[in-house]
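In the numbering used here, the protein residues as written are 1 to 412.
Just so you know, these hints were derived from the structure itself, not from any lab. Any given hint might turn out to be false.
[What the hints assert, rightly or not] Label-pair distances were calculated between CB atoms; the ranges are:
#, residue 1, residue 2, range
1, A208, G356, 35 to 45 Å
2, L271, H217, 26 to 36 Å
3, G320, R220, 10 to 20 Å
4, R366, H217, 29 to 39 Å
5, E213, R78, 50 to 60 Å
6, A174, A212, 53 to 63 Å
7, R220, D250, 41 to 51 Å
8, L249, E354, 50 to 60 Å
9, P316, V242, 33 to 43 Å
Glycine included, C-beta positions come from ideal geometry on N, C-alpha and C.
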Amino acid sequence: MPADFHPEEPARRPEGFARAAGARESHVWDRSFRAWDLYTAAVWSATAAFVLTAGTPSPRYRIAALALLVLLIPWYVRAGRPLLLAESAPGTWPCLRYLGVTLVLFLPAASMMDEVRLIVFALAPHFFMLLSLRRALVSMAVVSLVPVAGWALLWRPPAHEVFLNAVSALVGFAFAAFFGAWTIRIIEQSRERASLIAELDASREEVARLSAEHGAHTERERMAREIHDTLAQGFASLLMLVQAVRAELDADPGRARRHLGLMEATARQNLAEARALVAGGAPADLDGCSLPDAVRRLAARHDPPAAVTVTGRARPLPPGLEAVALRTCQESLANAAKHAGPGALAAVSLTYAEDGLTVEVRDTGRGFRPSAPTCGYGLRGLAARAADAGGTAVVRSAPSEGTTVTVTLPIR
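Using the sequences provided together with the hints, build the complete structure.
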């Protein structure tokens, strides 16, 4: 069927049309084509009946016309029907060949008997389906007018009969042209819709793919932050404690034993965090206790222990918010332990307000320049975690002036 309404321009099947049609739509088209076959058979039978029952011309001409009509049946079944069923591109050589042979069979029969022209009701759609609009109109002019001219030259009827046949042919041509163009326009709109549906389906698949990729990326980022703030920090603490114990075994056995106890507690905490990550639950320190208590337990494991201050009315908050606050403390204290230097003190402050929670971690260490490029993941992960919760993270530091990490989280 032609997909383009512009004359002489070969129609193109919209890309993705086959995908839009699919097996279900193809099955529907196959079933609807059976009705088309019945329509063609009914028009052919009616035409054959008119030919056989006509009073004129002589039986010889009627039999010849009927023989030509009979030849149209196998030609349609063998060549025309596959082209129509496969929705072949208009104007291709198989289409031209089928329609050319059809004209060769139809025009002589229609020139011998005007009753044969009834079969045009079945043939006309073939021209509009298999040709561009301009070629279809030219073909319909030939189908409508040439038989009248041939009939007039063959039988020399009175002028008024020629006039009436010519007027009838012109009316038939106008009718076929109007409805053929209208049908092509409907087909064009259907194909445009099919193309849009195919594009929409492709867009939805692309959105789903990008959404899945984004979800996977987000989950990787989340897991990276969780592992960095828990297991990685725990292992780093264990490594530092091992180094400290190695140096203290001979010089200060008591301090070495205390560090061994810290190593055991840190290992147990890491194991609990690993289980919490696998289970997808809250951080291990928050299991069964409030946020201030979890922060105090975390601060007690810092070397030396960090001071904890709670301001405002402490109350249960959404689990996700408390997890962000606790991870902020973990990351900040771990950074202080690694970078602040020996003897640096740390303090944690929780400030509860009606509409937000502020977490502040300060240390008296060596500090750094926040504008200097860093390759670490900790502060970036801390800021990303706060942003995911709708909050903000600010790091203030300077060389030899310590570091303050402030995270503000809204309470919705």
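Going down the list of hints, with the structure as the test:
At roughly 36 Å, the beta-carbon separation of A208 and G356 lies within the given 35 to 45 Å, and the hint holds. A hinted range of 26 to 36 Å holds for the C-beta pair L271 and H217, which are about 29 Å apart. Between G320 and R220 the beta carbons are some 18 Å apart, a value that agrees with the proposed interval 10 to 20 Å. The hint said 29 to 39 Å for the Cβ distance between R366 and H217, and at roughly 35 Å that hint holds.
E213 and R78 have their C-beta atoms about 51 Å apart, which keeps the hinted 50 to 60 Å range intact. Our hint of 53 to 63 Å for A174 and A212 holds, since their Cβ atoms are close to 57 Å apart. Remark: the range hint 41 to 51 Å for R220 to D250 is upheld by a beta-carbon distance near 45 Å. The hint said 50 to 60 Å for the Cβ distance between L249 and E354, and at roughly 52 Å that hint holds.
About 38 Å separates the C-beta atoms of P316 and V242, a value consistent with the hinted range of 33 to 43 Å.
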